[in-house]
Amino acid sequence: MTTATDVTASELREILATLTGRDELLAIPAGTPLFGGAVALDSLTGTLLLREIQRRFGVDVAAEDLNLDALATLGTLAEFVAARRGQAG
Amino acid sequence: MSGPVPVKCVVWDIDNTLLTGVYLEAGDRPPAADPVLAAVLAELGGRGILHALASKNPPAAAEHTAAVTGWQFAAAECGWGRKSDALPKIAGTLGIGVDTLAFVDDDPVERAEVASALPQVLVLTPDEAAEAPGWPEFSPPVVTAEARRRGQLYAERRQRQAAQRSFGGSRDEFLRSVGTNVRIARASRADLPRLAELAVRTRQFNSAAGRGDGQPPAEVVPPDWFAGLLADPVTDLLTVWLRDSFGDDGLVGGCVIARGDPAAWTVSLLMISCRAMGRGVAEALLAWLTRRAASEDALALRVPCTIDERNLPLRLALAGAGFRAASRAPGGPTGDPAPAGPAASPAIGVFERALAGPLPGLADWVHPDPETPLPSPGPEPA
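Heads up: the sequence lines are chains A and B, in that order. Counting in our numbering, the final residue of the first sequence is number 89, and the numbers go up one at a time with none missing. Counting in our numbering, the final residue of the second sequence is number 382, and the numbers go up one at a time with none missing.
Treat the hints with care, since some could be wrong.
[As the list claims (entries may be wrong)] Take a look, some chain B residues computed to stay more than 10 Å from chain A by CB distance:
1. 58
2. 126
3. 146
4. 230
5. 295
6. 299
7. 309
8. 349
[As the list claims (entries may be wrong)] Quick look at which bits of chain A chain B covers, simulated, 3 or more residues with Cβ under 8 Å:
9. 66 to 72
10. 76 to 82
Don't read these hints as lab results, they were simulated from the structure. Using N, Cα and C, we set each Cβ at its ideal position, and we do this for glycine too.
Construct all of the structure, not just a fragment, from the sequences and the given hints.
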């Protein structure tokens, strides 16, 4: 069964691949850390990612999550966004 | 008086604005440049202000405009989308805030569309733009050699970004492949004007930005503050320099480390030019700072940092380097003062990182200055 989190995770993979120009990010597992590792999210890509999430899903991760804990892994970010998307209208 | 937000980039329309006609209607002989606005491009460019293009035209129109105005545009968005979408893209490409853009267009519909969607953008007619060099928004208080070269540096940045898009590998591999070199050195007196300029201009990567509640950081960091730090025995004033095979960006960052409490060092100011964004500088500096503090037996490193929507890049770098926000009260419960700012401040988080356990890795293209009497931050590059 495909959950809302899975759907969001797929969309986030596409955003990441577009932002970085790296198609291999389309296939990363949900448990992949965003800082360091294969993704190695830096401050610029992270900013662009969060802006795109706000534009597309209406979720302002930076405002709601002071420590940016949601960015631990692709899965935690998908869960955070899936739980809030659409609520802001 | 709260001064106007300084304009960092002017986004120009092409047809009947920078050109004396409509590009696509001119056939084989595309229109010439508007001589008055071409002079404005050069005047503002000499003050370190960037220029970009947003036009409902094919990309060839941007090339023609660059050729006839003699100007290297830092970014160009050509297409048939909304200009209110083009402007944030340009700001993103340049790593600057949308509220530091000005927009010039002869078409009142385009001006209204941008003004309505992006009220923070200064929207001008071509006639107003011709007067702009006399306005305070276009008169930066400090113009250094770095600022005058800014247009060229952004052109290099555009070439670098194009190379990165076609590179395919990881960011770290790309940074290494283009010979990225980050040098960290103790500040000298000659660096002070540039450090003061960074304090004014940096916003997205400035831990003290906005502490004056809407005022620019210049209100927070007095001009002679940096000079006083040079003689302080328990404070380090450091500079960060960046270059690669595309060009030399010079002094792109600075930080102030207070070592008064040997157990927990405090980075009381950390600032990096937005030009250096995406080039590993923030990550390198934070990794080096944690390693240096650990090598001197400090147990923790603290970074008091304004919390707002604009310095998200800095917060991302802190999170990526393992820092956690310990408190949001000004000063924090541990009694840390925020030396770069007054006590009555908006939300400030004290980001803290314990220095036991694994530290962030330091890339081998980060070079602490051998002339600087700083302890080794870890394994030295060969």
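Cross-check of the supplied hints:
no.	hint	verdict
1	58	holds (23 Å)
2	126	holds (31 Å)
3	146	holds (20 Å)
4	230	holds (29 Å)
5	295	holds (22 Å)
6	299	holds (20 Å)
7	309	violated (6 Å)
8	349	violated (6 Å)
9	66 to 72	holds (count 4)
10	76 to 82	violated (count 0)
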